[in-house]
Each structure stands twice: as C-alpha cells, then as structure tokens.
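Residue numbers (my numbering), protein chains in the order written: chain A, 53 to 168; chain B, 34 to 143.
Derived by calculation from the structure, the hints in this document are not laboratory data. Just so you know, even glycine gets a beta-carbon here, dropped at the ideal spot from N, CA and C. Just to be clear, a hint being listed does not mean it is correct.
[Unchecked claim] In silico contact screen, one side only, chain A against chain B (beta carbon under 7 angstroms); selected entries:
| id | residue |
| --- | --- |
| 1 | Q93 |
| 2 | G94 |
| 3 | L95 |
| 4 | F117 |
| 5 | T156 |
| 6 | F159 |
| 7 | P161 |
Read off the chains here:
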Amino acid sequence: GAGVSQSPSNKVTEKGKDVELRCDPISGHTALYWYRQSLGQGLEFLIYFQGNSAPDKSGLPSDRFSAERTGESVSTLTIQRTQQEDSAVYLCASSPLGQRSTDTQYFGPGTRLTVL
Amino acid sequence: QKEVEQNSGPLSVPEGAIASLNCTYSDRGSQSFFWYRQYSGKSPELIMFIYSNGDKEDGRFTAQLNKASQYVSLLIRDSQPSDSATYLCAVIAGGFKTIFGAGTRLFVKA
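Chain A extracted, bound-state conformation (with noise of 0.2 angstroms):
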C-alpha cells in the first residue's frame, strides 16, 4: 500500500507569515509524530498523535507551533508568523499500534520548508 505522505515538499515563504503543512500517514496507523531536521542535525520530536488526541506536545518549540489530526487520518501542522530559524525539513511518521515498546515509524518523504 501507499506510504506516508506529506505536502507540499518544498515550501518557501516569507518571515512572519503563517504555513500549514500536510500528512497523510499510512491508512490504519494510530500513531503519527512530527519531527524537524535542520540541516546536519538529528530528528527533533515535535508532537505525537495517538488517534486525533495528543498525549505528548512536549516538543513544540514555541506557542506559534500547533498541530491536528483528523480521526486517525490526516494531521496538518501549523506554523505562525514564521521565523528564519524555523527553516527545516519537517518530518511525519506513523506507526501503527503506537506502543512504545514495539513502535516502527514509517517516514514520510518531508516538507523543506524555507524562511527567508
């Protein structure tokens, strides 16, 4: 079947702008997270979606980030008034049990997303 998909891939806009950027995890996967990637850097966890709840919004960097899912389908997450250090890959993965113990991600492909 199909894998997780994100959108748009490549996304450039301007400082203080709002962007809203798309997943679509693999049908029938509970579990969906969001990572960021700068460049040369490792996977920083954003949020984590068990269904449409949230148990685990640590990783939001700030209160201009939000995120939601649809049932245990798309999720969007939304970036305000964007800022130059807000220029990453953002990343969706879903698993689908969303047990620690034995949870695989699968990766969607990213969304480069540039501030200028």
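Let chain A serve as the given structure and place chain B on it in line with the hints.
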C-alpha cells in the same frame, strides 16, 4: 548532556570490513532502542530495534544493548559502499517521545 549521544563521524571503513556505530543515552528508564539509516536527502528508514539486553542479529546487522552501561551499538558486517549513510540511534524514554541522536555518518570505501 544530550539525551542521546552519537559520534558524528564520519566513520570511514573499507569495503568488507565491520563498521561499529555507538550510541549512549541518559534516561535509565528507556525501554526501546532503534537504529535508522538515512541516505542524504532522504527520510530515515528503520534497520532494527532492540529492547532486551544482549545481541540481536538481522542479516549483516547486529544490534547490541547494555542497559547497565546505557549503551547501544550497531555492527555492520561485510560493509558495502551502499551502506554509506547517516545512522540514527533513537530511544523511547518516558511517555511516547522518541529521542533521536544527531547521527553518525558512515563512509564505506570501495
């Protein structure tokens, strides 16, 4: 201290050699440990996971976990140029948060 630490590399090994990648973590309550491979410009893909002390083998890959020392490693036997990538160690600690290390770049010379 970072929660998950890896040597950034690059680690350079000749083709056919064993590549040894190391990772240490700070949270003693960590339960699950993962190794992901990430090719340049691509997304991470899972190689293997481990959650019991000892070794776990899958083909050319062996993961080793030592919870007492808070240490997890990945051995790649008979390294191939196609193994050249960044290897990310990931740890699930408290809650559902997955903490990734910054990754080790591996270069396998033909």
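Against the structure, the hints:
Below 7 angstroms, beta-carbon pairs count as interface contacts, and Q93 (chain A) has one with chain B at about 6 angstroms; its hint therefore holds. Contact between G94 (chain A) and chain B, as hinted, is supported at the beta carbon level, the nearest pair being about 4 angstroms apart and thus within 7 angstroms. The criterion of a C-beta within 7 angstroms of any C-beta in chain B is met by L95 (chain A), whose closest approach is roughly 4 angstroms, and the hint holds. A least Cβ separation of about 15 angstroms between F117 (chain A) and chain B goes past the 7 angstroms threshold, and the interface hint is therefore violated.
At its closest, the beta carbon of T156 (chain A) sits 5 angstroms from a beta carbon of chain B; the interface hint therefore holds under the 7 angstroms criterion. For the restraint placing F159 (chain A) at the interface with chain B, the shortest Cβ-Cβ distance is roughly 4 angstroms, inside the 7 angstroms limit, so the hint holds. At about 6 angstroms, the closest approach between the beta carbon of P161 (chain A) and any beta carbon in chain B falls short of 7 angstroms, and the interface hint on this residue holds.
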